[in-house]
Structure formats: structure tokens, C-alpha cells
Amino acid sequence: MTATLTAPAAAPPSPAGPRRRRRTLSPTLLAFVLVPLLVETFWVFWPAIQGVYLSFTSWDGVSPAVIVGFGNYAELFSDPTFGKAFLDTVLWLVLFGGLSALGGLGMAMLLLKDRRGVGFYRAALFTPVVFSLVATALIWQAIYQPDGLVNTVLGTLGLDSWQHSWLADANTALYAVIVPALWRQIGYVMVLYLAGLKGIDPTLYEAATVDGASRWQQFTKITLPQLSSVNSVVLSVIIIDSLRSFDVVWALTRGGPYHSSELLSTYMYSTAFQSLRLGYASAIAVVIFVLAFGVILTYLVRAFRDADA
Amino acid sequence: MSRAKASRGKILRTGGFHLVAGGISVLWLLPILLVIVTSLRTFDDLAANGVGGLPHSFTLGNFGQAWVDGGEFQAMVNSLIVTIPAVIITLALGAISAFALSRYDLPLRRTVLLVMLAGNLLPPQILLVPVSKMAEMLGIYDTLAALIGVQIGFGLGFYTFVLYGFMRAIPGEIQQAAVIDGASPPQIFWRIVLPLTRPALASLSALAFTWVFNDLLWSITVIRTDTKMPITSALLGLQGQFVSQWNVIAAGSVIAAIPTVAVFLRFQRHFVAGLALGAVK
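Protein chains in written order, with this note's numbering: chain A, 1 to 309; chain S, 1 to 281.
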């Protein structure tokens, strides 16, 4: 399938006969592929294999690693902090992922049409995307301080009883961390959806309007189906980003107080580099990988299909 | 009469749009405005009027404090030492592999492409422990070289994939003409394919710059010494060093954001196009 389908589009100088094929295998071209591949193997694939291997060991990083079989995984089941981090990660995925998708789509639809001021509004929403998550976190940490903006506004509105030390309270810490993450992510998702919405043929809407379709019908019957490929990209991006989320939590709460904002990523990091339980941390990392695996696979299948389409 | 009514409705709708969109934009820009204002206030003012209170002072001293006492100058230098080579080398490696994979019928080329992309999609957590131990064994742990290396290796797959898509779209006739003229693959790459890929390279450079510059996880994984920390992890240090001195921390955040904001403003069009690349492909 690959050879016949791709030969014309792949643009080899002439149809890929056996002689041609051998000729294109010049050492330079091989080096062009192999050097980058080796670099990635060295920094990514080989460490990834080691990471899986380490998850079956008990290791403090100094004395030799001891193989413990599935011991680390068994321990995960009875580790309440892991359970908390797992649930928080799911909650993070639903809230951070869901709200950034909805918010991003909503803002893209609001700011789709080119009209006066739209450039400014888009830029305003997009600006936080260029900040680092650490800078974002520090900005919001000041806002959340006991004498910060949130409490000041609440006080001005007479809602003194709502005032809180948002990041220090185990009941609010996780939600307080999600807000800055959303502030930064919505503009990014908006850009993805803007690109998708601009690709929809406007005559579809014209025809629907002539047929008397309502706004809502146009949205569910035209916009959403037409966005299906962007939706699947956004979904993959969101899941992969959610599982990777680390910086903003680490900078704001380090997973605390009392693990109340602990994600798998922060728990993995503190287990590895603060508790120095490298084997156990690797097992947590493998769990993150397994969670991401399905998404990575669907993303790759799509990419595989599109790569030569 | 009905025309006047219709135009009134239009004005109302336009007004409503600007009210909603403007309101959201103000809400979005408020934290940025706040951090800038805070960075210009004195500590006494913060203590007296609260971090969220109205400002009663003006000083530029916080920037000096973050820049010198907070070590942000050194951190900024470190960040640039890491970011610039990492971006250039990753894009160079991504470009040559994308060229060979997209323009020649190499065996297993699609498999190689997807394996490379898969590496970039891996959750970094699974690499943290092995990469830090590997850096120790190589004797480059706690050096900027380790950070450059891992940034190159981890980013490569994505850039290769995006550039592959671009290079495939170049018509085959151009390449055929060059082959007839006796051009070798490196010549075709350098003289024909690379110049035609410039828009994509510009987008990817702007994106890669912000990604590498803003990274936290890799730098706190392979670097220990404070004076070697790039700016993002140095900001975390500032948070510990100037506890509750929000004016200095705010100034530090503003400084840390300047390079990426500058890149964004300079390459705005490329930047947004780059972000959208993944979506429509």
C-alpha cells in the first residue's frame, strides 16, 4: 500500500524502480535520517526503556538497584497519596480540559468574524500563552494572597465571609491552581478552534439559513461535525497537556497542603527527587504513560493516516 | 421606519458584542496589569495597603533587586545559552530528517517519522529519572549542556513531523529539475527545499523559543546549582528568597516574560500560525 500510494506524491525523481531506490539510499540521506534518530534514541527512547525497567526496582540512586518485580505497583494500590493524586489528575483532566475546550471554542466563535476590535480581543486572550507557567503562577499567587486582589474585591463587595487564603486551604487549593492554568490555556485552544472554524465553507451556513435552520441547529448540525478533526486534535492536546501539567502546581503549592492539590506528575517528581525513591517514582511515571498511551496511539494513527494523505 | 429599526438592532448587537468581548479581554488583561503595577510599588506600600490595594508609591528599584540580588541577570544569560543553541540545533536536525523522509523513498520512512513523533508525545515524567542519572554518568549533570541535550532530543520528533508535512507539499517537478541539473541531495536540501520551508521554520523557531525558554521541568531535573539555573527555575528561587515581597517577585516575573513577549510581538503572525499548525494538519 505504502509504495504504490506514496510514490507519486513522494516526488522521487522518477517512479521508484529497484535501481532508483538503491540510488536514493545515498550515505548522506541515511545520515540525514540516522543522526536525528540517534539523538532522539539517546535522549528519549533509551531513557524511556530504562524508566520502565526502573519501575520494577527499588533504588535510592546511590546503592545498586534491587529488582522487586511488581512490588512498586502493588504498593501504589495501598498508597492513599497515590489514590488522591490519581483522582486529582482525573478531576484536573475534566475541569482543566473540559473548561479550556469549552472556553476556547466559545471565544473562537465569539471572535471569529473579522470586525473592528477583534484583533485586540484575540490578542488579549492570547497574551498569557507566551508567559511561562511559573511566571503565570507567581502572578496568581499574589492575587490569591490574604491581602491580594480576590479578597480585596470580596471585601469591597461586602462578602468578607467568603475571604479565604485560597492556596493554603486544602478545600480550595486545587481549584485555585486550575484557574491560572485555564487563564493560560483558553487562548491557546481558541487559536486551534479559530483555525478550524475558518476552514468551514460559509455556503453551508447560507444554505442552512435559507432552509430556516436556527442558530442552535446550525451549531450542532454544521459547526460541530465540521470541527470533528480539530476536536480530536484539541482532545489529544488537552489530555496530553493535563497529564503533563506540573509547573503551575509545583510553583503554587508543590502539591500541598496535605497533598490536596497533588497530581500524578507532582507526586512523581517529589517521590523521585525529594524522597529519592527512584523505583517507586518510575512506577508512577509508568502509570502516567499508560494513561497517556491511548491518546498517543490515536494521535499517531491520525498522523499516520494524514502523513501521506 | 423598518430600516431604521434594523440598523438600531445592528447597533445594539454590535454594542453587545463589544461589551462581552471587551469585558472578557479586560478580565484577561487584569492580572497582567496587576503584576506590572505591583512591580512598581514599594514594600512599605504593599505592607500598608495590601497586595490587592490601590498603589500609593512608585519605584523602579524592584527590578534592580530581582536582576542583581535575585540573580536574574545570570539566570537570563543561562536561559539564552540554553535556548538559542537548542532551537537552532533541533530545527537543523528536524529539517534534515524531514527532508530525507519526505523527499526520498527511503525504506520504513513513515515508521521512522511516527516513531520520532511518538517520542515527543511521551509524558516527560517517564524520562526524568533515567535522564538525570544518564547525565550524571556522562559527567554533564548540573551543566547547561545536559539541558541543551535533552531539549534537543525531546523536541526533535515534533519539529520533524511538522516540517515533513511542509516539505511534502513542495511540487516534485522542482526537485526533478534540480536532479537533471546534477544537484546532489544536500544541494537540493540547501538551495531548494530549505528556502521554500522558511515560513514553517520561522513559525517553529518562534514556538520552540518560547517552549524551551519557558521550560521548568527539565531544568530542575538536570540542574542543581542556583547560579546555573535558567530564568524559569530562578523565578522559583526568587519566590523562596523574597518571601512575601510581592513587588520584587512581580518585577522578576515581568523580567522573565520580556524575551518571550518580545519574540511573540516580533513574530506574531508566525507564532499564531505555528500554534495552529498542529490543528489543521
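Certain hints may be false.
[What the hints assert, rightly or not] Simulated pairs of lysine-lysine, BS3-like, Cα-Cα distance not exceeding 30 Å:
{"no.": "1", "chain 1": "A", "residue 1": "K84", "chain 2": "A", "residue 2": "K113"}
{"no.": "2", "chain 1": "S", "residue 1": "K133", "chain 2": "A", "residue 2": "K221"}
{"no.": "3", "chain 1": "S", "residue 1": "K10", "chain 2": "A", "residue 2": "K113"}
{"no.": "4", "chain 1": "A", "residue 1": "K84", "chain 2": "S", "residue 2": "K133"}
{"no.": "5", "chain 1": "S", "residue 1": "K133", "chain 2": "A", "residue 2": "K198"}
[What the hints assert, rightly or not] If you anchor each label on the Cβ, the simulated ranges turn out as follows:
{"no.": "6", "chain 1": "S", "residue 1": "A202", "chain 2": "A", "residue 2": "R302", "range": "22 to 28 Å"}
{"no.": "7", "chain 1": "S", "residue 1": "G9", "chain 2": "A", "residue 2": "L204", "range": "23 to 29 Å"}
{"no.": "8", "chain 1": "S", "residue 1": "F58", "chain 2": "A", "residue 2": "F293", "range": "40 to 46 Å"}
{"no.": "9", "chain 1": "S", "residue 1": "L80", "chain 2": "A", "residue 2": "W216", "range": "47 to 53 Å"}
{"no.": "10", "chain 1": "A", "residue 1": "D306", "chain 2": "S", "residue 2": "F73", "range": "43 to 49 Å"}
{"no.": "11", "chain 1": "S", "residue 1": "L12", "chain 2": "A", "residue 2": "G106", "range": "18 to 24 Å"}
{"no.": "12", "chain 1": "S", "residue 1": "G240", "chain 2": "A", "residue 2": "Y175", "range": "40 to 46 Å"}
{"no.": "13", "chain 1": "S", "residue 1": "P186", "chain 2": "A", "residue 2": "S63", "range": "31 to 37 Å"}
{"no.": "14", "chain 1": "A", "residue 1": "A74", "chain 2": "S", "residue 2": "L80", "range": "42 to 48 Å"}
{"no.": "15", "chain 1": "A", "residue 1": "V35", "chain 2": "S", "residue 2": "I84", "range": "45 to 51 Å"}
[Said to hold, decoys possible] Interface residues of chain S toward chain A, partial, derived using beta-carbon atoms under 8 Å:
{"no.": "16", "residue": "V51"}
{"no.": "17", "residue": "V77"}
{"no.": "18", "residue": "L80"}
{"no.": "19", "residue": "I81"}
{"no.": "20", "residue": "P85"}
{"no.": "21", "residue": "I88"}
{"no.": "22", "residue": "V150"}
{"no.": "23", "residue": "A183"}
{"no.": "24", "residue": "Q187"}
If you're looking for bench data, these hints aren't it; they were derived computationally from the structure. Ideal Cβ positions, reconstructed from N, Cα and C, are used throughout, including at glycine.
Structure-based check of all given hints:
{"no.": "1", "hint": "K84(A) x K113(A)", "in the structure": "violated, 44 Å"}
{"no.": "2", "hint": "K133(S) x K221(A)", "in the structure": "violated, 53 Å"}
{"no.": "3", "hint": "K10(S) x K113(A)", "in the structure": "holds, 15 Å"}
{"no.": "4", "hint": "K84(A) x K133(S)", "in the structure": "holds, 28 Å"}
{"no.": "5", "hint": "K133(S) x K198(A)", "in the structure": "violated, 47 Å"}
{"no.": "6", "hint": "A202(S) x R302(A): 22 to 28 Å", "in the structure": "holds, 26 Å"}
{"no.": "7", "hint": "G9(S) x L204(A): 23 to 29 Å", "in the structure": "holds, 25 Å"}
{"no.": "8", "hint": "F58(S) x F293(A): 40 to 46 Å", "in the structure": "violated, 54 Å"}
{"no.": "9", "hint": "L80(S) x W216(A): 47 to 53 Å", "in the structure": "holds, 51 Å"}
{"no.": "10", "hint": "D306(A) x F73(S): 43 to 49 Å", "in the structure": "holds, 45 Å"}
{"no.": "11", "hint": "L12(S) x G106(A): 18 to 24 Å", "in the structure": "holds, 21 Å"}
{"no.": "12", "hint": "G240(S) x Y175(A): 40 to 46 Å", "in the structure": "violated, 25 Å"}
{"no.": "13", "hint": "P186(S) x S63(A): 31 to 37 Å", "in the structure": "violated, 50 Å"}
{"no.": "14", "hint": "A74(A) x L80(S): 42 to 48 Å", "in the structure": "holds, 47 Å"}
{"no.": "15", "hint": "V35(A) x I84(S): 45 to 51 Å", "in the structure": "violated, 20 Å"}
{"no.": "16", "hint": "V51", "in the structure": "holds, 5 Å"}
{"no.": "17", "hint": "V77", "in the structure": "violated, 17 Å"}
{"no.": "18", "hint": "L80", "in the structure": "violated, 14 Å"}
{"no.": "19", "hint": "I81", "in the structure": "violated, 17 Å"}
{"no.": "20", "hint": "P85", "in the structure": "violated, 13 Å"}
{"no.": "21", "hint": "I88", "in the structure": "violated, 14 Å"}
{"no.": "22", "hint": "V150", "in the structure": "holds, 5 Å"}
{"no.": "23", "hint": "A183", "in the structure": "violated, 10 Å"}
{"no.": "24", "hint": "Q187", "in the structure": "violated, 10 Å"}
Taken one by one, the earlier hints fail for this structure at numbers 1, 2, 5, 8, 12, 13, 15, 17, 18, 19, 20, 21, 23, 24, listed in ascending order.
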